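So the protein sequences, as listed, match chains A and B.
Quick note: the first sequence, position 105, residue 330 per our numbering, numbers continuous.
Quick note: the second sequence, position 73, residue 112 per our numbering, numbers continuous.
Do not take every clue at face value.
[Stated by the list, open to error] A few chain A residues that face chain B, going by a derived Cβ cut-off under 8 Å, partial list only:
{"no.": "1", "residue": "Y250"}
{"no.": "2", "residue": "G268"}
{"no.": "3", "residue": "L269"}
{"no.": "4", "residue": "Y275"}
{"no.": "5", "residue": "G287"}
{"no.": "6", "residue": "R302"}
{"no.": "7", "residue": "V306"}
{"no.": "8", "residue": "W308"}
{"no.": "9", "residue": "F326"}
{"no.": "10", "residue": "T330"}
[Claimed, not checked] Output of the computed footprint for chain A on chain B, the stretches with three or more beta carbons under 8 Å from beta carbons of chain A:
{"no.": "11", "stretch": "53-65"}
{"no.": "12", "stretch": "142-152"}
Since the hints were made in silico from the structure, they are not lab data.
Computed from a predicted structure; not experimentally measured.
Glycine included, C-beta positions come from ideal geometry on N, C-alpha and C.
Given next are the chains, with one letter for each unit.
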Amino acid sequence: AQSVTQPDIHITVSEGASLELRCNYSYGATPYLFWYVQSPGQGLQLLLKYFSGDTLVQGIKGFEAEFKRSQSSFNLRKPSVHWSDAAEYFCAVGPNTGNQFYFGTGTSLTVIP
Amino acid sequence: NAGVTQTPKFQVLKTGQSMTLQCAQDMNHEYMSWYRQDPGMGLRLIHYSVGAGITDQGEVPNGYNVSRSTTEDFPLRLLSAAPSQTSVYFCASRPGGMSGGVYEQYFGPGTRLTVT
Numbered sequence: 226a227q228s229v230t231q232p233d234i235h236i237t238v239s240e241g242a243s244l245e246l247r248c249n250y251s252y253g254a255t256p257y258l259f260w261y262v263q264s265p266g267q268g269l270q271l272l273l274k275y276f277s278g279d280t281l282v283q284g285i286k287g288f289e290a291e292f293k294r295s296q297s298s299f300n301l302r303k304p305s306v307h308w309s310d311a312a313e314y315f316c317a318v319g320p321n322t323g324n325q326f327y328f329g330t331g332t333s334l335t336v337i338p
Numbered sequence: 040n041a042g043v044t045q046t047p048k049f050q051v052l053k054t055g056q057s058m059t060l061q062c063a064q065d066m067n068h069e070y071m072s073w074y075r076q077d078p079g080m081g082l083r084l085i086h087y088s089v090g091a092g093i094t095d096q097g098e099v100p101n102g103y104n105v106s107r108s109t110t111e112d113f114p115l116r117l118l119s120a121a122p123s124q125t126s127v128y129f130c131a132s133r134p135g136g137m138s139g140g141v142y143e144q145y146f147g148p149g150t151r152l153t154v155t
């Protein structure tokens, strides 16, 4: 069965520190992977996506993610976090067949001065 | 482009009432979907449509109806609201419904529904 796991419910980092949000997936075929960000009271905005090719993908707002097939992971990283990065982050997978996307339960990021 | 729009932003219903959440997109996307977002559960797919006249159930369809008479609109109907339907509802769209392909979804701003 397809699923996405985000092991960290909540993460707190200091402004300027580096960030890594974890995402593991279970998918029966080549996955198509996404990271979305949700600011309070807002909809979801796409940060980046992986369909094929280079396993390190760059996104908006200085984020990047690396696809590791051997670990079934697609972790999101940012070298230096800004206070405006405080938000909820969702990892999602699919579809390459069918029409369903599967979302993780989200990681809430707090940034402290 | 307005993208994906949803109305209303907030709604309070009493148990047993019915209502329709509106969703529209102006990007000529084939695929549209409805999700509900609950704390600790991420987004769960309620219903989706791969084109006008075609709809299908997602993970949590019970208590909800949809129809797709035009490419632009995809309303979600609650037939008899229950407190368990208190949630934030998101509509999303993307290209590549019946025509295939893989694309990211574009989300509306959400509707916060409370059922008392």
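Right, here's what the structure says about each hint:
no.: 1; hint: Y250; result: violated (13 Å)
no.: 2; hint: G268; result: holds (4 Å)
no.: 3; hint: L269; result: holds (4 Å)
no.: 4; hint: Y275; result: violated (11 Å)
no.: 5; hint: G287; result: violated (19 Å)
no.: 6; hint: R302; result: violated (19 Å)
no.: 7; hint: V306; result: violated (22 Å)
no.: 8; hint: W308; result: violated (23 Å)
no.: 9; hint: F326; result: holds (7 Å)
no.: 10; hint: T330; result: holds (4 Å)
no.: 11; hint: 53-65; result: violated (count 0)
no.: 12; hint: 142-152; result: holds (count 7)
Comparing the model with each numbered hint stated earlier shows that hints 1, 4, 5, 6, 7, 8, 11 do not hold.
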